[in-house]
Amino acid sequence: MARIIVVTSGKGGVGKTTTSAAIAMGLAKRGHKTVVIDFDVGLRNLDLIMGCERRVVYDFINVINGEANLNQALIRDKHCNSLFILPASQTRDKDALTLEGVEKVLEELSKDFKYIVCDSPAGIEKGAHLAMYFADDAFVVTNPEVSSVRDSDRMLGIMASKSRRAELGMEPIKEYLLLTRYDPDRVEAGEMLSLEDVQEILSLHLLGIIPESKAVLNASNSGTPVILDEKSDAGQAYADVVARYLGEKRPHRFIDSKKGFLRKLFGGK
Amino acid sequence: MSIDTEKTYEIQSVLEIKSSTFFVPVLVLYTNDLVVIEQRLLQKISQAPDFFRNSPIVFDLHELNHNNDEIDVVKLVELIRKMGLFPIGIRGGNEFQNEQANSIFIPIDNTQSIAAEIPKTSVSTSQTIVKEVVVNNAATLITQPVRSGQRIYVSGDLIILAQVSAGAEIMAEGNIHVYNTLRGRALAGVQGNTNARIFCFDLQAELISIAGDYKTSEDLKETVEKKPVQIYLQNHALIIKELV
Chain C
1 MARIIVVTSG
11 KGGVGKTTTS
21 AAIAMGLAKR
31 GHKTVVIDFD
41 VGLRNLDLIM
51 GCERRVVYDF
61 INVINGEANL
71 NQALIRDKHC
81 NSLFILPASQ
91 TRDKDALTLE
101 GVEKVLEELS
111 KDFKYIVCDS
121 PAGIEKGAHL
131 AMYFADDAFV
141 VTNPEVSSVR
151 DSDRMLGIMA
161 SKSRRAELGM
171 EPIKEYLLLT
181 RYDPDRVEAG
191 EMLSLEDVQE
201 ILSLHLLGII
211 PESKAVLNAS
221 NSGTPVILDE
231 KSDAGQAYAD
241 VVARYLGEKR
251 PHRFIDSKKG
261 FLRKLFGGK
Chain D
1 MSIDTEKTYE
11 IQSVLEIKSS
21 TFFVPVLVLY
31 TNDLVVIEQR
41 LLQKISQAPD
51 FFRNSPIVFD
61 LHELNHNNDE
71 IDVVKLVELI
81 RKMGLFPIGI
91 RGGNEFQNEQ
101 ANSIFIPIDN
111 TQSIAAEIPK
121 TSVSTSQTIV
131 KEVVVNNAAT
141 LITQPVRSGQ
151 RIYVSGDLII
161 LAQVSAGAEI
171 MAEGNIHVYN
181 TLRGRALAGV
191 QGNTNARIFC
201 FDLQAELISI
211 AGDYKTSEDL
221 KETVEKKPVQ
231 IYLQNHALII
241 KELV
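Same order as they appear, the protein sequences are chains C and D.
Here the working numbering is used: position 166 in the first sequence is 166, and no number is missing along the way.
Here the working numbering is used: position 115 in the second sequence is 115, and no number is missing along the way.
Simulated from the structure, these hints should not be mistaken for laboratory data.
Keep in mind that the hints are not guaranteed to be accurate.
Stated by the list, open to error - Stretches of chain D that chain C covers, calculated by requiring three or more beta carbons in the stretch to come under 8 Å of a beta carbon on chain C: (1) 140-152; (2) 162-171.
To be verified - Some residues of chain D that are not near chain C, with every Cβ distance over 12 Å (derived): (3) Leu-15; (4) Asn-32; (5) Val-35; (6) Arg-40; (7) Asn-54; (8) Pro-56; (9) Asn-68; (10) Val-77; (11) Ser-103; (12) Pro-107; (13) Asn-110; (14) Ile-159; (15) Ser-217; (16) Glu-225.
As the list claims (entries may be wrong) - With a Cα cut of at most 30 Å, we get these calculated DSSO-like pairs of lysine-lysine: (17) C:Lys-114 with C:Lys-94; (18) C:Lys-249 with C:Lys-214; (19) C:Lys-114 with C:Lys-29; (20) D:Lys-82 with C:Lys-162; (21) D:Lys-18 with D:Lys-44; (22) D:Lys-227 with D:Lys-241; (23) C:Lys-214 with C:Lys-111; (24) D:Lys-226 with D:Lys-241; (25) C:Lys-126 with D:Lys-82; (26) D:Lys-241 with C:Lys-126; (27) D:Lys-82 with C:Lys-174; (28) D:Lys-18 with C:Lys-162; (29) D:Lys-18 with C:Lys-104; (30) C:Lys-29 with C:Lys-174.
Bear in mind the structure is a predicted one, so any value in this text is a computation, not a measurement.
Backbone N, C-alpha and C fix where the C-beta goes; we use that ideal spot for every residue, glycine too.
With the rest of the complex left out, here is chain C:
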């Protein structure tokens, strides 16, 4: 059986799609057959981030409606043979998603794939609900600022009560925290919530901190998941996240300010 991962946040613009693309690529690079599904029907972006927008013929909704089969809709990634993308439809809206349809597609993918990564849309409406409903694991993507933390908290509450696991009384969804766009300098200056501040409210298992990085924007623009940029801080941070998710122990990085470190070194204040 495949493991279904939902990448969610409640709030928009925090890095869900960037994270979905990076971890799906990371898992696939390690030899696990992985598919990443764009649940953001009507505002599809994943195909752009993955650099496959020119190869989209059929989409998730076509498969749900029986207008195409899965093999026709799945796009094989050009960097990695064991990674597939199931794009969203740009011309429809979230109402085109149905619980039964999503269940059917996930069941069929489960036979073939080891990991299914669901890229959730923002909000707590239908698209976000269906993206998390069947999940086994949840990557909660949060920015270090109050509204993002509040929205993540809300999303966690919804997952705890309205997921399939909750409704069937099964073991709850495993929740992991991914703190993205973290800037230690701004944390130190008191302009941004610190990791401790965020954890005080969410108290989740921390999977990793992704530093604010120019590499992310470059990667998005060029359509290559940032994890492939192995020299970049964000790319390395995502590689750590994937390793930790798979059970490896790696110390957390990118928490402290580099300037702070130097200052400490020279005994300055």
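We have chain C already, so just place chain D on it with the hints.
Structure of chain D alone, referenced to chain C:
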């Protein structure tokens, strides 16, 4: 696309019938005057609109039948629905009323009316028309975090071991204990129990209320913020006292 159901579902994961206990408010009627009932019910609902919205409710006709006051069950159910409540049972009805209830798919509860057993100790001389009956006074224990947007209502005491996030709402007819950080809204004694208290380890609440008397976080003094405290009512004033 063939789906092999044998493979994808464990047999027991399809369905299961379990017995479980629910807390449901009971509407005990002391008058058959639908107009008066409507007025008083509206009043009650306006005190806790969020709690009553779409709430299931059982209505109790024992007292009416005791006094031989007749009431049309169909009209009563219509009225209750109009208030935004979902009637899910009748109790203490006579044969004709039960038949009426049956015809509009309202289940009949044959267990004895609790209201009838409680001696009337009410000191108020004005006639109480609507009264919720506490079905169970047992404490409820919550071990998972109460997240933003979640609501908990219990008829007895509420004990929470995890944090209560900002934007969450916890309500109890009895006392509330939070052995962690309380950031959300906590309302104790929501049915008017002025002896109810709130205890918490770390007070950062958005709102605290006992029997309707409340304070918002703005009114909280800095001396008690982020401290372990107990909160109780004294002469209609909320007293927040640090626990030592």
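Quiz prompt | In rising order, the numbers of the hints this structure does not comply with | solution = 3, 21, 23, 26, 27
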